[in-house]
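Q: Using the sequences and the accompanying hints, generate a full structural model.
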Amino acid sequence: MASEEAPSGLQIHPMDQFIVKPLFGGDAIHWYTPTNVTLWMALAVLCVVLLLVIGTRGRAIVPSRVQSIAELAYGFVYKMVEDVAGKDGLKYFPYIMTLFIFIVFANFLGLIPMSFTTTSHIAVTATMALAVFFAVTILGIVKHGVGFLSLFWISSAPLVLRPILAIIEVISYFVRPVSHSIRLAGNMMAGHAVIKVFAGFAGVLGVGAVFPLAAITAVYALETLVSFIQAYVFAILTCVYLRDALHPHH
Amino acid sequence: MATETHAADAAAHGGEAVGMPQLDFSTFPNQIFWLVVTLVVIYFVLSRIALPRIGAVLAERQGTISNDIAAAEELKLKAQEAEKAYEKALADARAEAQRIVGEAKAEIKADLDAATAKADAEIAARAAEAEKQIAEIRANAMQSVTEVAKATAVDVVAALGFQADAGAVNAAVDSKLKG
Chain F
1 MASEEAPSGL
11 QIHPMDQFIV
21 KPLFGGDAIH
31 WYTPTNVTLW
41 MALAVLCVVL
51 LLVIGTRGRA
61 IVPSRVQSIA
71 ELAYGFVYKM
81 VEDVAGKDGL
91 KYFPYIMTLF
101 IFIVFANFLG
111 LIPMSFTTTS
121 HIAVTATMAL
131 AVFFAVTILG
141 IVKHGVGFLS
151 LFWISSAPLV
161 LRPILAIIEV
171 ISYFVRPVSH
181 SIRLAGNMMA
191 GHAVIKVFAG
201 FAGVLGVGAV
211 FPLAAITAVY
221 ALETLVSFIQ
231 AYVFAILTCV
241 YLRDALHPHH
Chain C
1 MATETHAADA
11 AAHGGEAVGM
21 PQLDFSTFPN
31 QIFWLVVTLV
41 VIYFVLSRIA
51 LPRIGAVLAE
61 RQGTISNDIA
71 AAEELKLKAQ
81 EAEKAYEKAL
91 ADARAEAQRI
101 VGEAKAEIKA
111 DLDAATAKAD
121 AEIAARAAEA
131 EKQIAEIRAN
141 AMQSVTEVAK
151 ATAVDVVAAL
161 GFQADAGAVN
171 AAVDSKLKG
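Protein sequence lines, in the order shown, are assigned to chains F and C.
Yeah, the first sequence ends on 250 if you go by the numbering used here, and it's all consecutive.
Yeah, the second sequence ends on 179 if you go by the numbering used here, and it's all consecutive.
These aren't lab readings, by the way, just hints derived from the structure by calculation.
Errors might be hidden in some of the hints.
Below are the SDA-like pairs computed for lysine to any residue, each with C-alpha atoms no more than 25 angstroms apart in a straight line [what the hints assert, rightly or not]:
#, chain 1, residue 1, chain 2, residue 2
1, F, K79, C, M20
2, C, K118, C, A97
3, F, K79, C, R53
4, F, K196, C, M20
5, F, K79, C, I134
6, F, K87, C, S47
Facing chain C, from chain F, some residues (calculated, C-beta under 7 angstroms) [unchecked claim]:
#, residue
7, I29
8, L43
9, V45
10, T217
All values reported here derive from a predicted model rather than from experimental measurement.
C-beta: ideal position from N, C-alpha, C; glycine also.
A: Rendered as structure tokens:
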């Protein structure tokens with residue numbers, strides 16, 4: 001991973017930015033130790049509060065700029081839940097909004113130079129993906145009982161094909177949390193690592209550093225896009241899974 | 001900065017930073033714990049404060065907009081009604097004016113007719129009177145002529161040296177005048 005072909009002191013540690021370390025010194029990382037994870041997650045919470053609570057303080061009929069951003073975010077996720085998961089999915093809107101808004105802010109905070117991207121860690125994204133997986137599975141079983149298994153029995157397919165399709169469906173169902181989590185973490189990690197690699201080149205190239213700098217600018221723009229898109233993808237997949245749990249019959 | 005953290009981490013984890021920090025399982029409990037704390041905090045902030053507030057604001061705005069649209073619709077209807085009423089009033093006024101003009105014309109015509117009829121009657125009366133007078137005058141004149149003729153005849157007869165019989169002369173004159 002860390003490309004350390006070090007000619008003339010080229011030192012590139014693209015993965016160092018992802019190291020979890022205690023905030024207040026010390027070596028041991030217990031589950032309760034305040035680490036850079038804690039710091040950047042707290043900053044994400046702070047941003048959420050600033051945007052969605054402080055920003056909407058005026059409750060204005062004609063909104064301020066911050067309030068319209070908050071309303072846009074609300075409307076965006078609300079409409080997504082309504083369109084994808086259906087009207088009865090709106091009950092779970094706060095949960096999906098929580099995930100979406102956290103991932104958006106974690107991703108964007110990770111774009112600040114020298115910051116720490118919490119969503120680039122598989123531990124974080126897998127926890128969220130598994131939480132979604134278990135939540136929708138339990139919800140489906142509670143709502144439909146054995147009927148939830150009809151999700152795997154595609155009644156519109158020819159009868160001969162149904163057992164085969166059922167196996168495929170079951171496998172794809174259990175692979176969901178894997179793809180759900182690795183997609184987000186992988187996207188975040190890859191882009192940040194690439195930026196770091198280019199930054200390492202820029203450090204040793206002198207005047208020629210304009211090329212890696214241009215590349216960094218381009219990748220940074222792409223990463224800005226990816227930050228939002230991945231949060232959107234995570235949220236919309238959650239909605240899709242929720243729809244499957246609420247309406248397992250194809 | 002990078003080398004420093006690298007060194008620190010290398011000291012802490014025996015050079016694991018060369019690999020992927022994402023696969024350093026010793027940090028997992030820490031990350032998961034803080035993630036859960038973060039998500040719970042965000043969830044409560046959203047579900048208790050932010051989302052109800054934004055939802056209420058959006059609903060209120062929607063309500064205001066629909067109210068305004070309804071009010072505008074109502075005002076438009078009122079304006080149309082007012083226009084209709086105005087046009088109706090205008091038409092009524094025109095009809096009324098027409099009617100008054102017609103009445104006035106009829107009245108004037110009636111007056112005129114009456115005056116004409118009266119004038120005609122007067123003219124007729126006067127004409128009749130004049131005729132009567134003329135007839136009278138004519139009768140008088142006839143009378144006078146008869147008398148003069150009789151007197152003259154008597155005188156003429158007397159002048160001729162005859163003793164005139166007044167009665168015979170008168171009868172002769174009358175028969176002459178009639179013929």
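Q: Are the hints correct? Go through all of them and say.
A: Hints, one by one, checked against the model:
1. F:K79 x C:M20: 38 angstroms, violated
2. C:K118 x C:A97: The given pair, whose Cα atoms are some 31 angstroms apart, is violated under the 25 angstroms limit.
3. F:K79 x C:R53: Holds - the C-alpha atoms of C:R53 and F:K79 are around 17 angstroms apart, at most 25 angstroms.
4. F:K196 x C:M20: The hint holds at about 14 angstroms.
5. F:K79 x C:I134: 117 angstroms, violated
6. F:K87 x C:S47: 18 angstroms, holds
7. I29: 5 angstroms, holds
8. L43: Violated. Min distance 10 angstroms.
9. V45: Hint on F:V45: holds, closest Cβ of chain C at ~5 angstroms, below 7 angstroms.
10. T217: At 20 angstroms from the nearest chain C Cβ, F:T217 fails the 7 angstroms test, so the hint is violated.
In the structure shown, a violation is registered for the earlier hints numbered 1, 2, 5, 8 and 10, in ascending order.
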